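Residue numbers (the working numbering), protein chains in the order written: chain H, 17 to 266; chain A, 9 to 76.
It should be emphasised that the hints constitute simulated quantities derived from the structure, not laboratory data.
Because the structure is a prediction, the values reported are computed rather than measured.
For glycine and all other residues, C-beta sits at the position ideal for the given N, C-alpha and C.
The reader is advised that the hints may include incorrect statements.
So the derived label-pair ranges between C-beta atoms look like this [what the hints assert, rightly or not]:
| # | chain 1 | residue 1 | chain 2 | residue 2 | range |
| --- | --- | --- | --- | --- | --- |
| 1 | A | GLY45 | H | ALA264 | 51 to 59 Å |
| 2 | A | ILE41 | H | ASP98 | 45 to 53 Å |
| 3 | H | ASN167 | A | SER37 | 46 to 54 Å |
| 4 | H | ALA261 | A | ASP52 | 40 to 48 Å |
| 5 | A | ASP53 | H | THR117 | 46 to 54 Å |
| 6 | A | GLU40 | H | THR214 | 28 to 36 Å |
| 7 | A | ASP53 | H | TYR171 | 48 to 56 Å |
| 8 | A | GLU40 | H | THR27 | 22 to 30 Å |
| 9 | A | LYS76 | H | VAL255 | 31 to 39 Å |
| 10 | A | ASP52 | H | LYS197 | 20 to 28 Å |
| 11 | H | LYS197 | A | LYS76 | 16 to 24 Å |
| 12 | A | SER37 | H | VAL156 | 28 to 36 Å |
| 13 | H | TYR162 | A | GLY32 | 36 to 44 Å |
A short list of chain H residues far from chain A (calculated; beta carbon distances all over 10 Å) [what the hints assert, rightly or not]:
| # | residue |
| --- | --- |
| 14 | ARG96 |
| 15 | VAL121 |
| 16 | THR143 |
| 17 | ALA180 |
| 18 | ASP183 |
| 19 | LYS204 |
| 20 | ALA261 |
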Amino acid sequence: MIVFEKPKALTDAPLHYCPGCTHGIIHRLVAEAIDSLDIAGKTIGVASVGCSVFAYNYFNVDMVQAAHGRAPAVATGVKRADPSKIVFTYQGDGDLASIGTAETVHAAARGENITVIFVNNAIYGMTGGQMAPTSLPGQVTQTSPYGRDVNTVGYPVRICELLATLDGTGYVERVAVNNVKNVRNAKKAIEKAFRRQTEGKGFSLIEVLSTCPTNWGKTPEGATEWLEQNMIPYYPLGVYKDKYAEEAAK
Amino acid sequence: MAKVTFEKDLCKGCGLCIAACPKGILSLSKDEINQKGHHPAQIDDQSKCIACAFCATMCPDCVITVEK
């Protein structure tokens with residue numbers, strides 16, 4: 017009996033990510049959600065710009081490549097053109113929380129029936145480790161060699177908390193992939209977000225805290241520990257909004 | 009009988025599976041180098057495996073298949 021194998025919604029293409037980068041885990045969790053809901057035939061993904069720019073090579077579903085940060089706007093168009101399709105975006109923090117903040121906030125405010133997978137690794141990975149809007153206070157990056165100084169460059173953006181205040185969002189949760197327990201919770205959250213979309217229950221966003229061993233200057237295992245000790249205290253895990261569960265409870 | 013197989017040429021030798029294994033029976037190969045130029049992960053003692061799939065859960069590259 018097979019306990020664990022590669023999901024069918026992933027292609028056989030070898031991932032280009034650095035050794036120990038948890039993008040691979042998150043790709044697999046999305047593919048497992050697509051497999052378990054049996055929606056591969058009607059799913060359309062929107063790839064972003066950043067490390068995950070080649071996502072269209074890895075997901076065994078139809079994919080669209082959006083301009084930098086505009087994935088939720090492209091997903092809105094795809095979903096409105098054919099509401100029977102399941103549409104998701106896969107975006108990093110440089111894409112979603114920086115150049116694409118407007119598109120993200122307004123897609124959420126409009127309550128578009130799409131699923132956003134937001135991978136937050138607190139740094140710009142593809143371009144070589146510059147400071148991102150999500151970099152932690154005091155975090156050393158290529159462009160903040162003395163640590164992020166909040167007096168000059170401001171504070172990190174907490175996307176889940178921000179979007180949870182909007183009436184348009186349906187389901188917002190933050191998860192992490194630094195250990196087995198958190199990966200399993202992340203799997204449940206991603207599957208729930210896709211299920212909400214199949215039920216027509218509006219905008220869902222799953223923020224996944226991820227590692228970037230290369231640009232953090234850590235070993236893959238050291239990066240998972242750094243995430244646990246530094247990122248989770250600043251970005252607490254949990255459900256920030258679950259509109260339909262709240263309505264059902266009333 | 010629990011069985012773990014690695015698709016060695018896809019392994020990048022990150023070691024996340026080794027850190028996750030509760031039985032401590034995984035290691036990076038010391039003498040083998042795969043297509044990508046990494047020392048791939050391997051299982052040292054198949055008989056101690058409990059098929060928990062923790063290694064496969066943490067593997068970013070879907071290298072590992074677990075059977076029971």
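Hint check:
1. A/GLY45 - H/ALA264: 51 to 59 Å: 53 Å, holds
2. A/ILE41 - H/ASP98: 45 to 53 Å: At 48 Å between Cβs, range holds.
3. H/ASN167 - A/SER37: 46 to 54 Å: 49 Å, holds
4. H/ALA261 - A/ASP52: 40 to 48 Å: Because 46 Å falls inside the window, the suggested range holds.
5. A/ASP53 - H/THR117: 46 to 54 Å: Hint holds: Cβ distance 51 Å, inside 46 to 54 Å.
6. A/GLU40 - H/THR214: 28 to 36 Å: 45 Å, violated
7. A/ASP53 - H/TYR171: 48 to 56 Å: The hint (48 to 56 Å, Cβ to Cβ) holds, given that A/ASP53 and H/TYR171 are roughly 49 Å apart.
8. A/GLU40 - H/THR27: 22 to 30 Å: 26 Å, holds
9. A/LYS76 - H/VAL255: 31 to 39 Å: 33 Å, holds
10. A/ASP52 - H/LYS197: 20 to 28 Å: Holds, since A/ASP52 and H/LYS197 (Cβ atoms, about 25 Å apart) stay within the stated range.
11. H/LYS197 - A/LYS76: 16 to 24 Å: 21 Å, holds
12. A/SER37 - H/VAL156: 28 to 36 Å: 34 Å, holds
13. H/TYR162 - A/GLY32: 36 to 44 Å: 40 Å, holds
14. ARG96: Holds: least Cβ distance 34 Å, greater than 10 Å.
15. VAL121: Fine: 30 Å to the nearest Cβ keeps H/VAL121 off the interface.
16. THR143: H/THR143 is indeed farther than 10 Å from all Cβ atoms of chain A, at 21 Å.
17. ALA180: The claim holds: H/ALA180 sits with its nearest Cβ about 28 Å from chain A, beyond 10 Å.
18. ASP183: Answer for H/ASP183: holds, closest chain A Cβ roughly 36 Å.
19. LYS204: The assertion about H/LYS204 holds, with a minimum of 13 Å to chain A.
20. ALA261: Since the minimum Cβ distance to chain A is about 27 Å, H/ALA261 lies beyond 10 Å and the statement holds.
Checked against the numbered hints above, the structure violates only hint 6.
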